[in-house]
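Peer 1: Make the full structure from the sequences, and use the hints.
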Amino acid sequence: MGAPITVGVDGFAESPPAAHWAAREALLRDLRLRLIHAWNPPSPPAPALPHEDDPSYWSQRLLADLVDELRDTHPGLRVSAELVPRETVPALLDAARDAEMLVLGSSGRDTPGGFLLGSTGRQILAHGVHPVIMVHADDQPLTADVTVGVSLRQPNEEALRFAFDAAARRGGVLRAVHAGASGSGHGEAVRREGAAGHEEAVRHEEAAGHREAVRHEEAAGDEEGAGAEGALEAALRPWRERYPGVPVAEALTSERPALGVVHTAPGSGLLVLGRDETEPGPVPHLGSVIHAAVHHAPCPVAVVPRG
1 MGAPITVGVD GFAESPPAAH WAAREALLRD LRLRLIHAWN PPSPPAPALP HEDDPSYWSQ
61 RLLADLVDEL RDTHPGLRVS AELVPRETVP ALLDAARDAE MLVLGSSGRD TPGGFLLGST
121 GRQILAHGVH PVIMVHADDQ PLTADVTVGV SLRQPNEEAL RFAFDAAARR GGVLRAVHAG
181 ASGSGHGEAV RREGAAGHEE AVRHEEAAGH REAVRHEEAA GDEEGAGAEG ALEAALRPWR
241 ERYPGVPVAE ALTSERPALG VVHTAPGSGL LVLGRDETEP GPVPHLGSVI HAAVHHAPCP
301 VAVVPRG
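Numbering (full-length UniProt numbering), first residue to last: 1 to 307.
Bear in mind the hints are in silico, worked out from the structure with no lab data behind them. Treat the hints with care, since some could be wrong.
What the hints assert, rightly or not - Cβ-Cβ distance ranges computed for the label pairs, FRET-style:
# : residue 1 : residue 2 : range
1 : 242       : 82        : 48 to 54 Å
2 : 276       : 242       : 21 to 27 Å
3 : 230       : 256       : 19 to 25 Å
4 : 64        : 240       : 42 to 48 Å
5 : 238       : 24        : 38 to 44 Å
6 : 90        : 247       : 39 to 45 Å
7 : 60        : 307       : 20 to 26 Å
Just so it is clear, CB atoms sit at the ideal spot from N, CA and C, and this is done for glycine as well.
Peer 2: The following block contains the structure:
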């Protein structure tokens, strides 16, 4: 029996959509679903109270109602729920260690609620040892396609594996996108931007009789773009061989990584991003790409730690 998919549940509106996403994923992978709700019990323990006045009553009711809803909506789902008397971050991180993935509901888009606000979501994203998926209540309708952000300097193999596997299970297209600053070499997108951005300079160069310099600059841009295309193809090649049935669409953009990845996500059912080792601290820094994606991507975001 494989590890379960674990869902962190709180009392906000984002939890049910996250739980339903996780339920579909559990059925897709033939895994169990485990709901976790962390709460801080009173200290010292409260005396015996009438049923509905018990501090844990509403937490237990929250889980029970959600379990019933999931079973009604997803026939065949194996689901359990657990009330954990601990602080949220350590409770979820411990639960995630024994899970295939951890799924959290997130408001994400600058509204109150969910796990993203404050340090809770950042701590979990930064320190989870397995993939953490952030699901918004208003994510776009599900599609089978998957988008993965690819770093050419040091590709995250775990993120690529997760993305190819997700696309294979869904029967969708995998869109592999590499985004970076203009001038660093990013294929056709950079060459088009370069041609437009330097149009005036080119006219002046030609007027001054410097056509040869212009030709050298264009050749250098072509070489940089070809280098990026080759590097992306090389990063994807072993995974294409492992998943020959997954159609792959490659995308190179000159936008900054945070913008380029988010702008490529529309139309996808899942955006996959790799996460490097996070320096310890009270509020860990996740990087601009993950931060932008969790806040603005129109689909669930999977953050996969490097192994």
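Peer 1: Under the constraints set out in the numbered hints, which ones does this structure not fulfil?
Peer 2: 1, 5 and 7
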